[in-house]
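Chemist: Please construct the entire structure, taking both the sequences and the accompanying hints into account.
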Amino acid sequence: MQVTRRQFFKLCGAGLGSSSLAMLGFSATEALAEIRSFKLERATETRNTCPYCSVGCGILMYSLGDKAKNAKSTIIHIEGDPDHPVNRGTLCPKGAGLLDFVHSASRLQYPEVREAGTDEWKRISWDEAFTRIATHMKNDRDQNFIAKNADGLTVNRWLSTGFLAASASSNESGYLTHKIVRSWGMLAFDNQARV
Amino acid sequence: MSTTAILQPGEIEPPVGEIPFLYIPARDSVFRERAVRLRALAQGHVMQEFLLFMADLTDAQHAALAVLAQVPLPSAAQTALGREHGMPPLSVQSWPRDAAWQKALAQIIVHVMKTATPTATRILQRLQAMDSAALETFATEILAGNFDDMDLGAAPFVAAALQVYWTHLSTALGTRAFAAGDIVNLCPVCASPPVSSVVRIGGAENALRYLCCSVCNAQWHMVRVKCSNCESTAGISYFMIAGTSGAVKAEACEACGTYLKIMHMDKDQYVDPVADDLATLALDLMMDESGQLRSGPNLFLISTSTLAA
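So the protein sequences, as listed, match chains P and X.
518 is the number of the first residue of the first sequence in this note's numbering; add one for each residue after it.
406 is the number of the first residue of the second sequence in this note's numbering; add one for each residue after it.
It should be emphasised that the hints constitute simulated quantities derived from the structure, not laboratory data.
Simulated coverage check for chain P against chain X, where a stretch passes if three residues somewhere in it have a Cβ under 8 Å from a Cβ of chain X:
hint : region
1    : 542-549
2    : 560-568
3    : 599-609
The following residues of chain X were derived to be distant from chain P, with all beta-carbon distances above 12 Å:
hint : residue
4    : Tyr428
5    : Pro430
6    : Asp433
7    : Ala445
8    : Gln448
9    : Ala474
10   : Val476
11   : Pro477
12   : Ala505
13   : Lys519
14   : Met535
15   : Thr542
16   : Gly579
17   : Asp673
Pairs of lysine-lysine residues, derived as DSS-like cross-links and limited to a Cα-Cα distance of at most 25 Å, are as follows:
hint : chain 1 : residue 1 : chain 2 : residue 2
18   : P       : Lys556    : X       : Lys672
19   : P       : Lys556    : P       : Lys527
20   : X       : Lys631    : P       : Lys527
Ideal Cβ positions, reconstructed from N, Cα and C, are used throughout, including at glycine.
Modeler: See the structure below:
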């Protein structure tokens, strides 16, 4: 028995002349001429997870654009992923409104800081943002870390900072978050179930 | 104080149930509806005459299927064994096909002779003159996808008769006789490659994608946005001819460089995996120009340039 799993078929202009269509006496000339006036349009569908809550519904995101280096592709439609075991194609009103969330004019797209004593939001780089957060966390931990309790038992607690993780995380990011946060000694730790 | 019933495991109904893995079209309408679709698509089409003749051929399939004789089917033990091991029980490569398909071929030839062009008539007469053994060899070559050195003009008629026979088998046994196979891009009924895929509407199949068998007409579930040839989920793009409804697109994979057409019933509820594929030859030609190969055949339009890798 011959295994024909990998077999490809070439339907091209040159091959049409010897194809079954031509052998039966039909002409492919017009079909070949017609495509000169046609243009191919490219779209993409991407599988993702709704960011809103811990149910973690699967979504399909449709975008237009040819993925060329200088062409920006735009998301044109979002719907429930019919193959996803959690939601089987359905979405709640929040999930159904995701497209507006993606294109929202007031969407936060970069880190901003409001310095103490001001009422103004100032744009900063991701590097600056990470450095500031890390510095704050380190200072707080250095000052408030509890290595031993009153009885001299080693407890390694950091009670003055808490951590709130996102709702729509994968198992892997959940695992990493837990490992990192618990290694710091942080006890106040939760995942936000819904936004 | 009110009491709230606490649901126990198993009491919560899943919202839409299991994904139906197999969809087998109705035996008495699959070819009839395809013929209707071909005639509708032929209106104002540059390949009008070809599509109308293919409609006649499909009508002939419908008539031949209606009178096909009783043929041996696999036993319950054979289908159970197939389900257990994920093997298609009616594989086109190994199932001992009954000579009834040759009778269907003879009927099809008589039927299409009425509207055949002089060229096609000569081909049909050549087929009529072939003996049983030669026809079996021809059938084996078609089912194996060996299109080189083949009598391509005659191939669609032989393929049409084989489709009638295998459609009889798949519809006679029903969906419960089959289970998902190990190779997702081969039909779980007859192990043939798909002709195209359809995103269905309505019921439990709503918005799910099914690959459509090029021989037995069974449709089997395949996750969307996944290459039906190499199962890659990265780099999947959809190409359509600008200005069309988008009911027929080419699902292309960057990983293996192949494409298969995908038809959307929510854009046009009457799309047919074979008819709409023939009517969108322009999309094939344009995909070929961008260097991509088709991963499944349409046995009504065969070209010699078949590449096996």
